[in-house]
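> Going down the list, the sequences are from chains A and B. Just so you know, we're using our numbering here: the first sequence kicks off at 1 and counts up by one. Just so you know, we're using our numbering here: the second sequence kicks off at 1001 and counts up by one.
Quick caveat, the hints were computed from the structure, so don't treat them as lab data. A portion of the hints provided could be inaccurate.
[To be verified] Pairs of lysine-lysine residues, derived as DSS-like cross-links and limited to a Cα-Cα distance of at most 30 Å, are as follows:
(1) B/Lys1278 - A/Lys158
(2) B/Lys1256 - A/Lys224
(3) B/Lys1260 - A/Lys110
(4) A/Lys98 - B/Lys1307
(5) A/Lys224 - B/Lys1307
(6) A/Lys98 - B/Lys1256
(7) A/Lys45 - B/Lys1260
(8) A/Lys110 - B/Lys1256
(9) B/Lys1260 - A/Lys158
(10) B/Lys1101 - A/Lys110
(11) B/Lys1260 - A/Lys33
(12) A/Lys186 - B/Lys1287
(13) B/Lys1278 - A/Lys186
[Unchecked claim] Distance ranges between label pairs, derived from CB positions:
(14) A/Asn95 - B/Gly1043: 55 to 61 Å
(15) B/Glu1086 - A/Thr97: 46 to 52 Å
(16) B/Leu1324 - A/Ser275: 39 to 45 Å
(17) A/Lys33 - B/Leu1215: 56 to 62 Å
(18) A/Thr31 - B/Val1267: 33 to 39 Å
Don't be surprised by glycine CBs; every beta carbon is placed ideally from N, CA and C.
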Amino acid sequence: MNLSKSQTNVLDISSPYISRLARIERVARVTEKERLFNLSIEDGKTLGHLPGQFIMLSIPGFGEAPISISSPPDKGNRFEICVRAAGNLTNALHNLTKGDRLWIRGPYGKGFPVQDIVGKDLLFIAGGIGLVPMRSLIKTVLHERSSYGRMNLFYGVKSPDEILFKDELLQWGKAGNINIQITTDKPHPEWKGHTGVVTTLLPPLKIDETKTAAIVVGPPVMYKYVILSLGDKRIAGHDIYLSLERRMKCGLGKCGHCQINSIYVCQEGPVFRLSDIRYLREAI
Amino acid sequence: MKYRFLLKKGIAVLIAGLLKEFKVYGPVKKDGFPMYGNITAPGDLNLLHSPTHISPKQHLFPQRETLLRFSSGEYPAVEPVVEAEEQALFGVHPCDIHAIKLLDRVFAYGTADVNYLKRREKTIIIGSNCIPDKYCFCKGVNTMTVESGFDLFLHNIGTGFLVESGTQKGKKLLLKYTKTRKANKGEVKKLSQIQNQKKEMFVASINADASTLPLIYSGSYNSPVWERIGSICYGCGSCNLVCPTCYCFDVRDDIKLNLKEGERYRVWDGCMLEDFAKVAGGHNFRKTRGERLRHRFNRKFQYQVDKFGGLFCVGCGRCSRTCLVNINIAEVTNELIEESNKRP
Chain A
1 MNLSKSQTNV LDISSPYISR LARIERVARV TEKERLFNLS IEDGKTLGHL
51 PGQFIMLSIP GFGEAPISIS SPPDKGNRFE ICVRAAGNLT NALHNLTKGD
101 RLWIRGPYGK GFPVQDIVGK DLLFIAGGIG LVPMRSLIKT VLHERSSYGR
151 MNLFYGVKSP DEILFKDELL QWGKAGNINI QITTDKPHPE WKGHTGVVTT
201 LLPPLKIDET KTAAIVVGPP VMYKYVILSL GDKRIAGHDI YLSLERRMKC
251 GLGKCGHCQI NSIYVCQEGP VFRLSDIRYL REAI
Chain B
1001 MKYRFLLKKG IAVLIAGLLK EFKVYGPVKK DGFPMYGNIT APGDLNLLHS
1051 PTHISPKQHL FPQRETLLRF SSGEYPAVEP VVEAEEQALF GVHPCDIHAI
1101 KLLDRVFAYG TADVNYLKRR EKTIIIGSNC IPDKYCFCKG VNTMTVESGF
1151 DLFLHNIGTG FLVESGTQKG KKLLLKYTKT RKANKGEVKK LSQIQNQKKE
1201 MFVASINADA STLPLIYSGS YNSPVWERIG SICYGCGSCN LVCPTCYCFD
1251 VRDDIKLNLK EGERYRVWDG CMLEDFAKVA GGHNFRKTRG ERLRHRFNRK
1301 FQYQVDKFGG LFCVGCGRCS RTCLVNINIA EVTNELIEES NKRP
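For reference, chain A alone in the conformation it holds in the complex:
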């Protein structure tokens, strides 16, 4: 087989598995385990995503995986992903450098309904790499900061060396007027801040539950406890937005891996209102 670059488009007979080429423009170390990749789509067109959506990313020979988009919507052909090296593909991705090319298809799924939270106080609760998709939303709302009320970001990490986007967090706090509180699960000799799981930050918080939207992204174990705490704050289910992680192989509502009861997360999610999934027994 001898395929030239141009054949990629000519032969496209609308197989949904066809991807677009993206070039790595910049790689930045975020922590020991995560890298931030700035990608440009080679066809020059925009990705056209919403905060909270994801792409299927692949490197030929290493397979495909769902990766959340970490940058806000952009008219240009650039976007960012922040990836932890956790498996075959993501380890291979960490070995790539500026100028290397990979494949992307998407965006897929339903993102955060930005227009529904305009005018509200926002309570962001992130756990670990849950900050990655949340960053796309935070940057989006900060772009029109005056359209929103008070903002709080509670961020839980296992240990201080796992804090993502440290510089940006400072900037979001200062320039963005977000009250940011970070907590580590366990005490650490170099950590002077709050210790305890992320829900331990919530009790002292004063909120107006009638105009607060909570956005929650974190590891699977986190949701149950955060939802209970948000219940204590009397935030209604339709004002709580969650992004759920599931295994995905196609992103097209077919392969079955992301199924929760009768829904496919890649189609109806990954962002859900709590009130829409409360009845799903395996969601949380």
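Chain A is fixed; fit chain B onto it per the hints.
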């Protein structure tokens, strides 16, 4: 009169004709087992009355199917692969025709699945009637007979076949390759006798109206049944493999030894396998075999029903027949029905 009469020996002639235009797949005996295999000559066909071990879904949704061919390098290039050839599926039983109709809905839903739909477009289906064995329970899920979804349907009435055309394509093929005559009243009566007799032949049953099953399953989420059958299940995924409506798959890459070319393919996956719902961080959303069984059974009787309409269990009994520890889907369902009847 919707039936045409075809002599027994007419089947061989029909097959010989079809072989000129199609790749033909049908029931054969392999090592003594009823299988769905390649028919290269009329004599290969063994119109079985019992279900084949693996359903004909394999010819519409192959166990391994290439999706893309690619070359790696500075500019990775990609070529979509859609492999579909004119094929005839011969001797498909009503349960499996119902299953194919469900898969048609699944693969057309949302982003259309080109690979399946192209293959489906080029496929003709020739159904045939059957006799239930002790695992069959199609009567309980309303799939004992089929009104559409086939091009031709052959009803064996002993002296020959009453042939029903489901599509114009089927009608034309019948005309082109066989000599049939109008079925007479006696033959049609014979068919309805056979169908009535069939109703009395079932050993397995579902002890509730099929339309109530989604609700019964919904109410049985916390039933002790799941843990009990989970404790004996091996989690081998055989039930996924043989099920005519299981369509979950994994997508993988294969790369050639030159490390420059390869292909992306999909391969059947099974929700009973341990890592099916496990994410990169290590969390497994259905860790226990009981949870996985509950998910699989609910997909057949509740979840997919909500999504696509129609029960996704077609009563073929294959999962029960193949299960290494005799987990029987009809018996489990009846147990849930019984529990549900006892609930206030």
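> Compare the structure with each hint and give your call.
Hint by hint, here is what the structure shows:
Between B/Lys1278 and A/Lys158, the direct Cα distance comes to roughly 21 Å. Compliance with the 30 Å bound is thereby established for this hinted pair. A distance of roughly 45 Å separates the Cα atoms of B/Lys1256 and A/Lys224; the hinted pair therefore is violated under the 30 Å criterion. Using a Cα cut-off of 30 Å, the hinted pair B/Lys1260 and A/Lys110 is violated, with the two alpha carbons roughly 35 Å apart. At roughly 44 Å between alpha-carbon atoms, A/Lys98 and B/Lys1307 are farther apart than 30 Å, so this suggested pair is violated.
Between A/Lys224 and B/Lys1307 the CA atoms are separated by roughly 26 Å; this keeps the pair inside 30 Å, and the hint holds. Distance check on the hinted pair: A/Lys98 and B/Lys1256 sit about 26 Å apart at the alpha-carbon level, within 30 Å; holds. With a C-alpha separation of about 27 Å, the suggested pairing of A/Lys45 with B/Lys1260 holds against the 30 Å cut-off. Simply put, A/Lys110 and B/Lys1256 have alpha-carbon atoms about 37 Å apart, too far for the 30 Å limit, and the pair is violated.
For the hint linking B/Lys1260 to A/Lys158, the alpha-carbon distance of about 40 Å lies beyond 30 Å, and the restraint is violated. Between B/Lys1101 and A/Lys110 the CA atoms are separated by roughly 29 Å; this keeps the pair inside 30 Å, and the hint holds. In summary, the hint linking B/Lys1260 to A/Lys33 is supported, as the alpha carbons are separated by about 29 Å, within the 30 Å threshold. In summary, the hint linking A/Lys186 to B/Lys1287 is supported, as the alpha carbons are separated by about 27 Å, within the 30 Å threshold.
Taken as a hint, the B/Lys1278 and A/Lys186 pair is honoured in the structure, with Cα atoms around 26 Å apart against an allowance of 30 Å. Our hint of 55 to 61 Å for A/Asn95 and B/Gly1043 holds, since their Cβ atoms are close to 57 Å apart. Taking 46 to 52 Å as the suggested C-beta distance range, the pair B/Glu1086 and A/Thr97 conforms, at roughly 48 Å. A beta carbon spacing of about 43 Å between B/Leu1324 and A/Ser275 agrees with the range 39 to 45 Å that was offered as a hint.
A beta carbon spacing of about 46 Å between A/Lys33 and B/Leu1215 contradicts the range 56 to 62 Å that was offered as a hint. Between A/Thr31 and B/Val1267, the C-beta spacing of about 35 Å keeps the proposed range 33 to 39 Å intact.
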